[in-house]
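Given the coordinates of chain A, work out where chain B should sit on it, guided by the hints.
One letter stands for each residue in the lines below.
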Amino acid sequence: MIPFDFVYCRPDTLREAADAFKRYQGKNKKAVCYGGGSEIITMCRAGSIHPDAVVDIKGIPECGILEKDDCFLTIGAACTLSRITESKLFPLLGLACGRVADHTNQCRITLGGNLCGTVIYRETSLPLLLSDAEVTVGGPDGMRRVPFQNIFDGRVRLREGEWIVQAHIPVWALQARHAHIKKTAQEKIDYPLVNVTAIWKEDVLRAAFSGICSRPFRSRRVEAVLNDRGLPPEIRAEKAAGLLPEPPYHDVEGSGEYRAFVFKNTLCELLEAWQNDRV
Amino acid sequence: MTEFEGKTVLSLHVNGNFHEVLVRPSDILLDVLREQLGLTGAKAGCKNGDCGACTVMVDGWPAKSCLMLAVEAQGKKITTVEGLGGKAAVQNAFVEANAFQCGYCTSGFLMVCHALLTQHPVMPDEIVVEEWLQSNLCRCTSYQEIREAVHLMYDAVQDADV
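Those protein sequences? They're chains A and B, same order as listed.
Numbering of the first sequence is given in my numbering, commencing with residue 1 and proceeding in unit increments.
Numbering of the second sequence is given in my numbering, commencing with residue 1001 and proceeding in unit increments.
Chain A on its own, in the form it takes in the complex (with noise of 0.2 Å):
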């Protein structure tokens, strides 16, 4: 069980979320936004957090969207992992959808959870980063629409009040030639080791990670090595390897030494693929 208590909001429309968002901002209080809930429950239940209100966004039909037009792909906050996967509307994050957790949680975690939780893996950000994806944040002020590269540096940065509502993937990156290679220590079913996660765009690689470093990230330093194709893939491998943004994550799963190996490797993996024409 929970051992305390909190207020249960659930808004119909956007306006209301941010009303809700606004009564418990400040005096000492807070409000969370909640979408398929499962780790802010858990993490109640251990005490890390006590919210003050849980603001479950599902019932908002903006939120839920899941959606194509001419120009983009629209995907509510709201939208669990296996409805994105099943949609098959964007198999790339289709994929890194099908391997958060296991299948039964991906029938409740959100879009909007997997990106905001505190996990530090956020798998489903790669694919959006690599796309040019853009998202709807909705807030106190209304809503505003940002490249999602703006408002994340490995986690998501928002202004007090404000929650994710949409993404928007460009058309392009939709049906574009695309690798997601996870490595996982034992288990298929863990956080990732590594996540090698690539895009391309007019024959150019744009590669994103997860699980090398404390946070996820995209590096166009890393990108200039990797599309050097007149260098063998083990050597572009170990160059990209040498401009980590920060030192290899080491924890339980793996140690850093060992995660720099799997990266180098999966990383010539991928870089063989395409000069193969596997990818």
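Everything labelled a hint here was simulated from the structure, so no lab data went into it.
C-beta atoms are modelled at their ideal positions from N, C-alpha and C, and glycine is treated no differently.
There may be inaccurate statements among the hints.
To be verified - The following label-pair restraints were derived from C-beta to C-beta distances: (1) A:P170 with B:A1160: 43 to 53 Å; (2) A:R278 with B:Q1036: 53 to 63 Å; (3) B:E1003 with A:D69: 33 to 43 Å; (4) A:D153 with B:G1075: 34 to 44 Å; (5) B:A1160 with A:R278: 41 to 51 Å; (6) B:E1005 with A:P140: 15 to 25 Å; (7) A:N28 with B:H1151: 30 to 40 Å; (8) B:N1048 with A:K201: 38 to 48 Å.
Claimed, not checked - In silico lysine to aspartate or glutamate, DMTMM-like type, Cα no more than 20 Å apart, as pairs: (9) A:K22 with B:E1005; (10) A:K58 with B:D1059; (11) A:K22 with A:D12; (12) B:K1047 with A:D190.
Showing chain B alone in chain A's frame:
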């Protein structure tokens, strides 16, 4: 906007009937099912969303009831293992395949398999079956028999359709 603060009486639709329960907004569905409705089929295992022993069906999809607030269940159709009635195809298949040892995980596995049948009335690819079954843990390691039970479940449904 729906808002709950403090103890509230809710009407939950469980196993085909409406039940009134008195809940706090922070009460989890698993505790309410077990302690207020006496539906102890859903088991408390890890209470962390890992083991799947607490799996129930919510609107036809599997859900780990330890990771769902009871207030969220309002307006949804909840099915617990008790709601299968004892003679469901999945239950017969588990008996036939001896797909259990200690039995603690069994109700969770039954529910995830029943949800699989609900969402995939025709036997899906093995990879899909594997993906669904990977959501639950059996520490007696009856995995092979559970997988066999899934096949028997689909065989029985197919035979019934013919």
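Which numbered conditions among the earlier hints are violated in the structure presented, ordered from lowest to highest? Hint 7 alone not satisfied by this model.
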